[in-house]
Amino acid sequence: MQNRTFVSGYYLDDKDLVEGIKSLQANNIEISDVRTPFPVHGLDVKLNMRRSRLPRAGFIAGAFGAAIGFGFQAWVFTQAWPLNFGGKPYLSVPSFIPVTFELTVLFAAFALVFGFLISSGLGPGAPTIIFDEEVTNDRFQILLEATGGNNEQLENALVEAGAEGVKRHDI
Amino acid sequence: MKEYWRSLEDLLPAEETEQEKKTSMLLSDDTESSKNSRRDFLKYFGFSIASAAVLAGCERPVKKAIPLLIQPEEVKPGTANYYASTFYDGAEMIPILVKVRDGRPIKIEGNDLCKMTGGAASARVQASLLNLYDESRPAAPSLDGKSIAWDEVDSKLKETLENWDANKEFVILTPSILSPSTQKLFSDFKAKYPFVVFETFDAFSYSAIREAYKASFGKAIIPLYRFDQAKLVVGFNADFLGTWLQPTAFSRQYAAARKLTEGQKDMLRHVQFESIMTLTGSNADERVPMPAADEAYYLAGLYAELAKKSGISSTSVNAPESIAKIANELFQAKGKSLVVSGTNDVAIQTLVVEINKLLQNTSKTILVDKPINLYQGNDKAYAELLTRMEDNKVGAVLFWETNPLYHAPLNGKTEEAIKNVPVRIAVQSQATETAKLCNYILPAPHFLERWDDKALVAGAYSLTQPAIRPIFKTRTPQENLMAWAGFEGSYYDLIKLYWKENIYNSSLAKGRHFETFWKVSLRDGLVIDEKVAPQAINYTGTNVNQILKKNNAAISSNDLELVLYQNVPIGDGTLANNPWLQELPEAVSRVCWDNYVSVAPAFAALRGWTQGDVIAVNGIELPVLVQPGQARNTLAIAVGYGRKNAGRVATDLGKNVYPFVQIINGARSYTLPKVEAVATGKTYELAATQSHHSMEGRALVRETTIAEYLKNPASGNEMHAKVEKLHTTLYHEHEYKGHHWGMVIDLNSCTGCNACVVACSAENNVPVVGRNEVRRSHEMHWLRLDRYYSGDSDNPEVVRQPVMCQHCDNAPCENVCPVAATNHSSEGINQMAYNRCIGTRYCNNNCPYKVRRFNWYDYTGADSIPNNRVDVAGMTLDLKRMVLNPDVTVRAKGVIEKCSFCVQRIQDRKLNAKKDGRQLRDGEIKTACQQTCPADAITFGDMNDPNSKVSKLLKDARQYGLLEELHTLPSVVYLSKVRNKDKNKTLS
Amino acid sequence: MYVSPVREPLISGEKSYTKVTEDIYAPMAGKPGKLWFGGLTLALLALAFGLFSIFITVWDGIGTWGLDRTIGWGWGITNFVWWVGIGHAGTFISAILLLFRQKWRTSINRSAEAMTIFAVMCAGLFPLIHMGRLPLGFFIFPYPNTRDVWVNFNSPLLWDVFAISTYLTVSLLFWYMGLIPDIGTIRDRLVPGIKKKIYSFLSFGWTGSARHWARHESMSLILAGLAAPLVLSVHTIVSFDFATSVIPGWHTTIFPPYFVSGAVFSGFAMVLTLMIITRKAINLEDYITKAHLESMNKIIIATGSIVGIAYITELFIAWYSGVVYEQYAFVNRAFGPYWWAYWIMMTCNVITPQLFWIKKIRRSFAATFVISIFVNIGMWFERFVIIVTSLHRDFLPSSWSMYSPTWVEVGIYVGTFGLFFTLFFLFIKFFPVIAIAEVKSVLKTSSEKFIKKGK
Amino acid sequence: MVKTLSRPLLPGNRFLKFFLVFLAMSHFVSFTTNVRAENKGPAPDVKVGERLFNGLLPTGDGSKSCVSCHTMYTGDTMNWNPSALEMAKVAAEMDLATFKEHLLTPTGAMREKVHVKYQLSDEQLFHLQGYLKNLAIEGIDDKPLSINKLLIFLLLGGLMTIALVDLFFTKKISYKAIHVLIIVFGIGFQLKIVAHDLIDLGRSQDYMPDQPIKFSHKIHAGDNKIDCLYCHSNADEGKSAGIPSAGLCMNCHQVVRNGSNSGQFEIGKVVDAYENNKDIEWVRIHNLPDHVYFNHAQHVNVGNRECQECHGDVENMHIVKQENDLSMSWCLDCHKETMVDFKDNDYYKTFEALHKDLAEGVLDSIRAADIGANDCMKCHH
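Chains S, G, X and B, in that order, give the protein sequences. Under this note's numbering, the letters of the first sequence match residues 1 to 171, in that order. Under this note's numbering, the letters of the second sequence match residues 1001 to 1988, in that order. Under this note's numbering, the letters of the third sequence match residues 2001 to 2455, in that order. Under this note's numbering, the letters of the fourth sequence match residues 3001 to 3381, in that order.
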């Protein structure tokens, strides 16, 4: 395993965090990650994150579910074994709506959840490196990766950016 | 035409042990016969899914198939044979066909060659099959409670007979013997042993009719009635459609005379005067409640009125208004009317005979020259016999299928008399009370296990032939006598010889040898000798005025009277140990598994009684049933219950009221003029299959009067046209390219006798659930007879409607089954795949007709979970399982079932047609209910065939579908009911 | 900030982020009290009784229930619909209120969703148990088989299978996805040990990274968008069980909206009943405040009134239709042998919620608690009335009959309470009852502290 | 592969039962032999007899062991010789002299040829007969079980557990793909076992039980070309095809008393049954569940199907086995394909609409399923 060094700084308020990020970005320092106890709005734009493709995945899966749902029912009732139920036509479309709808939702939901988990690298027992356990409590943490031993420079930048505490992590 | 098989005659002479073995061999090929092989693996693995899968399978029993060593030509495994035979239980006699599958009788049907019944059979005929498989039948001969071999019986009794004290009588007490061969045997036996005395004892007495004819015509006869020849029938306490004399034949005549199909416009009118609401009264066009005590007065009034009109002088009687009115009608219908009474009272019966004579009905609707041989018993003679027995004049008594201790205890007199006889022999096919008092119990075979012949009227002969080898160590009663008298041969030989010598004649032979004639007779089951001369009989007259004087005023008062009656399922109680009959709802009250005290609504209100309150009537405690239409001060209790030694089902079921019966004026009287009834404070829940009795103004049973009908055949059925006009659908309707089965039920014909219900149960393996389950509305009958009252509760009108699965083309049940267990067949049948059903009961909820039945418990033993069977009637015993129809699946617990239009019969007849390479004939397929219906109310056939009877009936203006406004498109169609009454001529 | 000062704070007390964490973590940290153990024991006993009753049902047959040839569904399906209804609040709160950006949802959505899942689990049991042949229940799934038989897609009961299982799955996913950050929080509060390892496993490796948060938010929003129609569809489909049939009293087009609002109505009532107890029991008074109470009670008035209007509309339509069966069905409901059930339903569902028009009552925990119980009872009777009184007297008077439950049916109902509370007790012990992260995210805009500061 | 349908529910249980029975039996046997020893001189050594029978002790120069012809179990190929049990039952009835004569100087062509090489001392014969008598009393143990699926199932379960534990806790193997592969494969295989066993529970394809008489359809229907319907005449007329009565067998076997393979032994059984009024308990091979109605006449007579379509090449089977699984889909598929004799059988005139379609060329043929062969109540009523 290669050795990497990170420098972290934390804030106690999301407003300060945003200010801190602004200041770091002004100094052209690349931010590896920001960790917060709750979602801070606007961070994705500030950090130039790519727009999530989850909605698209959800839509495609939903459409697939709908097609499977309707197609399967239609196949069963017209091809596999057409049966006369109470005088209804074999292809009684209104009857197929509920199941089609439910399968649409089900497929989309699975796609979304698994899409989220996979794209985020999360999952049962997924490996994690936690630099500061207080992040999930009340700390807003900025992580910077030190390349070529510039950790002290980064530490200073963080202090400058108003971080309440700065720490170095070697892994 | 059905194929009638010649019988097992060829196999007949064989040793007993071998017989048993052969029977068992015939049975063992069938999976139904043993409970071990009745396992359904789908169910089994379903329950133990987890463990079974992992453990790589569970044990599957190896099924053995044992062929017959030598296969008789006519016995084909898996194919049913029909044998013609005759039913007779001491009450009714009906020619039947016995359906035998793999050596065991599984269904009884009426013999359609018989003109009297036209192939119909009553509920009791249908159910009598189950008595064959009754495990409580005496299984082997016994002496003083110890088993004994037949040889020993013979040697002992032979010794007794040969060393007889000539001063004493050896009495053989038989029911009315219809068999000419047996009578021949009796006379031969008497010739050998002159001290033998044959006496006749009927379980339910009709001796007053014979006495009345003796008085008026000089001969103690019961004439042959022809309801179909009458235009007006007036009944007095006579339940001739339910229990009186020959109800099956009468129902058929009655319904035929009231049909309005096939262009018939004329309809028999029926007026009933009665104290209790009988099945017959509930079918009457008009019905007048009448205190039982006043019946003689009413009839006397009728006689006096008619005499006045005929210009005959007689004592005048101030008749009630309704009688005066009906007298007018009767007088107009002279020679085409019929007055009958069901009361066993000589004075009443004499009046009836004289009234009919006045109306010139004799030899038109009453054939006195063709008397019937039923009910030959004479109550006076019976009373005298008891006296002789008490006076030590009788040395031995043999009860030949009679049970006087139960049917006529006469204040313990019968018991004392029997105990006074040193040798007491019971020759009986069923457990009886009388047998308990006997030294010898000699088991007799069930009528399906023995040979016999019958002659209902002179010249009409029918044969009884065995359809199965005796299940127990039984011997035909006639063969007992033959053995004791040392006669050679078997009873079969005797019958054949008798037929050869006495019945076979040139007109019947039609050029055939006797052997051929005999075989043809066996195949057909009956022979009618048209040339037998009518019996000469002349009117001698009797002193009517004396009776009129005695009954010239009403005697009913505020005293409570009690009427004892036979109800339709149980009758006199002889066949009471029969789960099918006990579970059959009574035709009027729709209560089963008990008897009860019927009380008029007004009287119940007066005393503050409601249904289920237990009251004591002269000390007998029974629950109350409020019966609309009953005379106000009349109480009524059914006989036939409270058996003490009848077997597992009937013993101690209900209360026995035969002890109330006394011999009055030489006849057993079933009416008590004064009884005490007090509330006990207890309650008892009756097992009623219907709890709401009003139609709530819904157009379920549609009816009209004959006058309206003649003006407009669609009267009363106007709604049908309205609904038809609205007939529209978004979807295209499914096409039925081949057959489209349909059924038409003529509500004008259906009398509500319930024979169809038992026929259906027998055909379709419908389980018996028992009293407690019926109380919880868990009854399983696929077919029920809804009964509604309308109008005044003191004298309501009654309508009935047989309801089974309506096989809707737009069936609401089919849409809602999640697993597709019920759907529509290509022939329009609403099919139900039991093995697919998971039991959500959604279909039943969504059935507007509520005809689906759910297996609440394991009633049949088909469930794979052990120790959970609910089978109070022993229907899952191996012996009783022999009655199961192997072509119909036995349903498991948790499964919905319902009427299938007897699809197994449809399949069978279709296959026959295919094998013959011909089209199906209309009427070839008969459902079980249709087949047995005495009123011919049910028609089944192909609606796609424009020439079928069903298609023709569908064009009748009276035609409508039940709840047709729901657009379920039922394949069962009803024809509306027409009452023969007119606003201008009404009794009340 | 952009919060109107008139808006009532949703979180009272001086709460900082840490305080929030501590408060919500507190009940999980300590040893559970006697009350908890007592409650759990009681719930387990009830569950055992229920399991025994189910065993009796499967072994002996449905005959052990009070049903008959006319009334094919009784307590079983009543309980099913009732539980499904209760299961509507959670996903409604978290999905629909999320879409509407209602901040007050944050304090209650977690436990409401848990209740949803548990209630749907209870509900899902009944369609299974009520089968006559439960061992063959797998026939309802369209799996390939050697019989070549599929299922009947026309059957509302089959739609139920899909609706309930989809609803349960999606609710579970939604709930768990929301839980992940909070499990992370719990994980980080624990000292190293087996417990921490388990929570670490369950937290799916949550770090609080902004990237994750962004995706999480995006996913939550779309999932909410999917769950919102799903919630509405589930009770719509349940109502189809009745609405698509022919039985008078069932065959009604008004059923879908009527059932959905009834479901939300009963669901909210159940959430209130439980939350009022829970907030006291585990000291969350600051998080579940009168403001929450009032908001929820407002929804109860709204849905309760819809239900009331539906009742009246049904009566009107029955009269207006001119169909004798329909008319009789409704007269029979109100004045037939089961009149008491109808009037309990009317009183509890239509009259009592109207008390919430009075501000004092709708802001009173005690009054709300009592009324919410009334609503629960009333909604149970609504289903009983619809199912039993419609069935017991339908088209043919010859088949009319009466129904009363047996101890077995009651036992199964009690058993589902046992299951529900067993799960609920375990839930409040092992999972945060309030969505920590979500509360924190609205802390600034909605807490007393920050609003005061803003002044 | 031969399927024994009477598979035990729990192998362990079965073993325990055998063990107990074995203990009890061995005690009983030793006790009885002791008694006999006291009364009737020396007791036969069953063990020696068994070794002789199995050929572990020499029985003569170049002679085969008894068991090689008189086998304990019938396999999937026909062994025409009487089985060991049948032999034992015969031998148990004989005194030693007759036994010796039967064995060493037999009558009948087949036995003469094979038995000629046997050289057995009287003592050996005594032991051998003792063994056979013992066998006649005790019967033959159940066939040993083949590899148990349960073991595979459990083994896979264990393997997957180890993989899971290693994946999350021990982490000995660094390539996670291996864990995943093991688990996926394991679950898949387990599901396959479960699914197949579930399907097989109601099924008995390839069922091939031993019959009480080694009746060969190959000889009768194949070599001698007897028509199926000669014996199973009911197939044309009725619901079941019918198993011929012994009387029917005697039509030929009154004359034919010597079989080409089994000599007089097997035919002797039929004769014995016929003459002494004994039942022959054939084992049913084709069993349908109770809720299925099947009618042979519909298929053989009306549908004109060949017996072989369902029963396979019976005329080439010495031992009949169930050729098809008799599953519902098997029935349905055939109904979908089988053409109906629509023109020649007048019954089908009822289907006017379809006749019109045929005439107009809308349809080219009518399949059984088109006229309702796949309606539920055709078979389930």
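Read the hints as simulated data drawn from the structure, not as lab findings. Keep in mind that the hints are not guaranteed to be accurate.
Stated by the list, open to error - Quick list of in silico lysine-lysine cross-link-like pairs, DSS-like style, CA-CA up to 30 Å:
id	chain 1	residue 1	chain 2	residue 2
1	G	K1949	G	K1308
2	G	K1076	S	K88
3	G	K1184	G	K1500
4	B	K3089	G	K1076
5	X	K2444	S	K15
6	B	K3278	G	K1076
7	S	K15	X	K2103
8	G	K1949	S	K88
Checked hints:
For a cut-off of 30 Å, the pair hint linking K1949 of chain G to K1308 of chain G is broken: about 48 Å separates their Cα positions. With a C-alpha separation of about 43 Å, the suggested pair K1076 of chain G and K88 of chain S falls outside the 30 Å cut-off, and the hint is violated. A C-alpha spacing of about 13 Å is found between K1184 of chain G and K1500 of chain G, which places the hinted pair at or below 30 Å, so the restraint holds. A C-alpha spacing of about 35 Å is found between K3089 of chain B and K1076 of chain G, which places the hinted pair above 30 Å, so the restraint is violated.
Distance hint between K2444 of chain X and K15 of chain S is fulfilled; the C-alpha atoms sit about 11 Å from each other, no more than 30 Å. For the hint pairing K3278 of chain B with K1076 of chain G, the CA-to-CA distance comes to about 20 Å; that is within 30 Å, so the pair holds. For the given pair, K15 of chain S sits about 20 Å from K2103 of chain X by alpha-carbon distance, which is consistent with the 30 Å threshold. Annotation: proposed proximity of K1949 of chain G to K88 of chain S holds, straight-line Cα distance about 29 Å (limit 30 Å).
Checked against the numbered hints listed earlier, the structure breaks hints 1, 2, 4; every other hint is satisfied.
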